[in-house]
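J.: Here are the chains, one letter per residue:
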Amino acid sequence: MDFLRPAGWEEALAAKAEHPGAVPIAGGTDVMVDLNFGRRRPAHLLDLTRIRDLFEWEAGEESVRLGACVPYTTILERLRTELPGLALASHTVASPQIRNRGSIGGNLGTASPAGDAHPALLAAGAEVEAESVRGVRRIPVDAFYTGVKRNALAPDELIRAVHVQKADGPQQYAKAGPRNAMVIAVCALGLALHPATRTVRTGIGSAAPTPVRAAAAEEFLNAALDEGGYWDSGAALDASVAGHFAELCAAACAPIDDVRGTARYRRHAVGVLARRTLIWAWESYRGTGRTTEGAS
Amino acid sequence: MRVTFTVNGRTRQADDVWEGESLLYVLRERLGLPGSKNACEQGECGSCTVRLDGVPVCACLVAAGQAEGREVLTVEGQAAHAARRSRDRDQDPRQHEDTPNAALSPVQQAFVDAGAVQCGFCTPGLIVAAGHLLEHNPDPSDEDIREALSGNLCRCTGYGTIMDAVRLAAARKSEEVRA
Ligand SMILES: Cc1cc2nc3c(=O)[nH]c(=O)nc-3n(C[C@H](O)[C@H](O)[C@H](O)COP(=O)(O)OP(=O)(O)OC[C@H]3O[C@@H](n4cnc5c(N)ncnc54)[C@H](O)[C@@H]3O)c2cc1C
Ligand code: FES
Ligand code: FES
Numbered sequence: 001m002d003f004l005r006p007a008g009w010e011e012a013l014a015a016k017a018e019h020p021g022a023v024p025i026a027g028g029t030d031v032m033v034d035l036n037f038g039r040r041r042p043a044h045l046l047d048l049t050r051i052r053d054l055f056e057w058e059a060g061e062e063s064v065r066l067g068a069c070v071p072y073t074t075i076l077e078r079l080r081t082e083l084p085g086l087a088l089a090s091h092t093v094a095s096p097q098i099r100n101r102g103s104i105g106g107n108l109g110t111a112s113p114a115g116d117a118h119p120a121l122l123a124a125g126a127e128v129e130a131e132s133v134r135g136v137r138r139i140p141v142d143a144f145y146t147g148v149k150r151n152a153l154a155p156d157e158l159i160r161a162v163h164v165q166k167a168d169g170p171q172q173y174a175k176a177g178p179r180n181a182m183v184i185a186v187c188a189l190g191l192a193l194h195p196a197t198r199t200v201r202t203g204i205g206s207a208a209p210t211p212v213r214a215a216a217a218e219e220f221l222n223a224a225l226d227e228g229g230y231w232d233s234g235a236a237l238d239a240s241v242a243g244h245f246a247e248l249c250a251a252a253c254a255p256i257d258d259v260r261g262t263a264r265y266r267r268h269a270v271g272v273l274a275r276r277t278l279i280w281a282w283e284s285y286r287g288t289g290r291t292t293e294g295a296s
Numbered sequence: 297m298r299v300t301f302t303v304n305g306r307t308r309q310a311d312d313v314w315e316g317e318s319l320l321y322v323l324r325e326r327l328g329l330p331g332s333k334n335a336c337e338q339g340e341c342g343s344c345t346v347r348l349d350g351v352p353v354c355a356c357l358v359a360a361g362q363a364e365g366r367e368v369l370t371v372e373g374q375a376a377h378a379a380r381r382s383r384d385r386d387q388d389p390r391q392h393e394d395t396p397n398a399a400l401s402p403v404q405q406a407f408v409d410a411g412a413v414q415c416g417f418c419t420p421g422l423i424v425a426a427g428h429l430l431e432h433n434p435d436p437s438d439e440d441i442r443e444a445l446s447g448n449l450c451r452c453t454g455y456g457t458i459m460d461a462v463r464l465a466a467a468r469k470s471e472e473v474r475a
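Here the protein sequences come in this chain order: V and R. Counted from 1, the first sequence has number 160 at position 160 by my numbering; the numbering is strictly sequential. Each position in the second sequence, counted from 1, maps to that position plus 296 in my numbering.
FYI, nobody ran anything at the bench for these hints, they're computed from the structure. Be a bit skeptical, because a hint or two may be false.
Here's a subset of chain V near chain R, in silico, CB distances under 7 angstroms, partners left out [what the hints assert, rightly or not]:
#1 M1
#2 I25
#3 L35
#4 D47
#5 T49
#6 F55
#7 S95
#8 P96
#9 N100
#10 R101
#11 G177
#12 P178
#13 V183
Okay, the calculated beta carbon distance ranges per label pair [what the hints assert, rightly or not]:
#14 R/G305 x V/T110: 31 to 39 angstroms
#15 V/R40 x R/E367: 24 to 32 angstroms
#16 R/R474 x V/G287: 53 to 61 angstroms
#17 R/P330 x V/T146: 30 to 38 angstroms
#18 R/G416 x V/E219: 55 to 63 angstroms
#19 V/A43 x R/D384: 33 to 41 angstroms
#20 R/R298 x V/P20: 24 to 32 angstroms
#21 V/H244 x R/Q338: 25 to 33 angstroms
#22 V/E77 x R/C336: 22 to 30 angstroms
#23 R/G411 x V/E77: 48 to 56 angstroms
Given the structure is predicted, the values throughout are model-derived calculations rather than measurements. We put the beta carbon where it would ideally sit given N, CA and C, even for glycine.
Take these sequences, add in the hints, and give me the full structure.
T.: Structural data, given as structure tokens:
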């Protein structure tokens, strides 16, 4: 095995082009588990942690550019206002030790259906900045997850950054699991209100082969909010609207039975999380704040 | 490969390190520092917790090569680290020579006094995590303590005495500051 230690981004891209089978390692919280248990024996490990830019983030007018190696701790401590949904999701990841190392780029690299960043990214709206020696491209996060633990990266590509839309309304994230810490989601749901475009977006985790948006649920809710004049009136949501939205979110799942839960439980729980997060988010939209802060 | 990094204030070098090896393995098996424990090798138990450039991490999930040139603090360095910090905080230069090189850090002493150590396997990780907490938050709420220690499992104590130990360390520290 070779341990490649590029000092800069160009060098990393060149190394990945030369050795497309090289396994990038950022926080190592997925890669090292595989190595420790002999599940992976790549010919090359490509350490990204010497590349300083990858740990940086920058808030622009419309979006926040998160370097691929930015760890969860940074997101939950520093980006609560700009990225409330992702900050809430980050807080649910594992433990402080894991959050100090585990990165957004690593979560995307693994592309587990249970990854906590994904529902929040889907709900907020995000693009993955992927680059190779051939050039750079932006992959909408909706098109990034291509199968169970598969993503849209080409073998010579690396994730440089993720561009996440800044919140323009309340965002929520909720996760079902047996305890508060150290839990891989049984299922999870991210929800973002976008008052600027009068739309609501969702992201569901651990309830289908990939993280997904509940498209039909979003469509229904967008129409119902529009027809009911809710965005202007800020009225309390009709229970039947929240109820039907929850049903459609549950219907958007294609869950499996596994050690963490049954398909039936997952579908039920997604409905519960959908209703809850919608009501939390809508209540904070109605409230004086009309803030972007998600309540936790 | 060869890996060189600072451990508990001293530059150390490990040779013939396998490229896929963890920092935990290097500390325990190559540098003779068995304080950090190996229980799960998958980030679940926290018994391998060390500080990497000041930040608590699971040493079992850091690739040895990633530690190159970095600073690692293990449980073996806790007492000296705590003594150095309290010396640096002290304005009075005369105190410099007087500060004893304590055998135990205040957090370690509190664990002993509170009876927070049974089999002791989880203790080193907890000492490192609790030490970091109290450095950044000298007066933590119970919620803060639980959160900071949520990545450390203990199969003996039931956590009650561990909570007591951290509260005790915090209380002693604030007494010391007031005195
Ligand atoms: C005990 C434990 C608990 C966990 N709990 C959770 C949890 O609650 N929620 C959750 O979502 N995850 C959890 N995880 C999984 C893991 O922490 C996350 O997936 C994390 O985001 C991975 O980031 P990393 O930087 O450690 O990735 P690494 O392990 O370094 O890499 C992960 C994958 O991404 C690839 N990769 C990394 N960076 C790049 C890049 N820039 N470009 C291209 N590919 C890249 C790697 O090659 C690898 O395939 C847990 C892990 C452990 C060990
Ligand atoms: S041995 Fe590292 S977390 Fe358990
Ligand atoms: S004292 Fe035995 S595991 Fe904690």
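J.: Give a verdict on every hint.
T.: Checked hints:
1. Checking V/M1 against chain R by beta carbon gives a least distance of about 4 angstroms; that is within 7 angstroms, so the hint holds.
2. Because the closest C-beta pair between V/I25 and chain R is about 6 angstroms apart, less than 7 angstroms, the hint holds.
3. Look at V/L35: its Cβ gets to within about 4 angstroms of chain R, closer than 7 angstroms, so that hint holds up.
4. Because the beta carbon of V/D47 sits about 6 angstroms from the nearest beta carbon in chain R, less than 7 angstroms, this interface hint is met.
5. With 7 angstroms as the threshold, the beta carbon of V/T49 comes within range of chain R, its nearest partner Cβ sitting at about 5 angstroms, so the hint holds.
6. This hint is violated: V/F55 has a C-beta 11 angstroms from the nearest C-beta of chain R, more than the 7 angstroms allowed.
7. A distance limit of 7 angstroms between C-beta atoms decides the matter here; for V/S95 the minimum to chain R is near 2 angstroms, and the interface restraint holds.
8. Of the supplied interface hints, the one on V/P96 holds, with its beta-carbon coming within about 6 angstroms of a beta-carbon of chain R, less than 7 angstroms.
9. The criterion of a C-beta within 7 angstroms of any C-beta in chain R is met by V/N100, whose closest approach is roughly 5 angstroms, and the hint holds.
10. Among the interface hints, the one on V/R101 holds; its C-beta lies about 5 angstroms from the nearest C-beta in chain R, closer than the 7 angstroms criterion.
11. Checking V/G177 against chain R: minimum C-beta separation of about 13 angstroms lies over 7 angstroms; hint violated.
12. About 13 angstroms separates the beta-carbon of V/P178 from the nearest beta-carbon of chain R, more than 7 angstroms, and the hint is not met.
13. With a cut of 7 angstroms, the hint placing V/V183 at the interface with chain R is violated, because the nearest CB-to-CB distance is about 10 angstroms.
14. Distance hint check: the CB atoms of R/G305 and V/T110 are about 35 angstroms apart, consistent with the given range 31 to 39 angstroms.
15. A hinted range of 24 to 32 angstroms for the beta carbons of V/R40 and R/E367 is consistent with their spacing of about 28 angstroms.
16. The hinted range of 53 to 61 angstroms is not satisfied by R/R474 and V/G287, whose Cβ atoms lie roughly 42 angstroms apart.
17. A hinted range of 30 to 38 angstroms is violated for the C-beta pair R/P330 and V/T146, which are about 44 angstroms apart.
18. The beta-carbon spacing between R/G416 and V/E219, approximately 58 angstroms, falls within the hinted interval of 55 to 63 angstroms.
19. In this structure the supplied range 33 to 41 angstroms is violated for V/A43 paired with R/D384, their Cβ-Cβ distance being about 46 angstroms.
20. With their beta carbons about 27 angstroms apart, R/R298 and V/P20 fall inside the hinted range of 24 to 32 angstroms.
21. Checking the proposed 25 to 33 angstroms range against V/H244 and R/Q338 shows it is violated: the Cβ atoms sit about 41 angstroms from each other.
22. Between V/E77 and R/C336 the C-beta distance comes to about 27 angstroms, which sits within the given range of 22 to 30 angstroms.
23. For R/G411 and V/E77, the Cβ-Cβ distance of about 34 angstroms falls outside the hinted range of 48 to 56 angstroms, so the restraint is violated.
Taken one by one, the earlier hints fail for this structure at numbers 6, 11, 12, 13, 16, 17, 19, 21 and 23, listed in ascending order.
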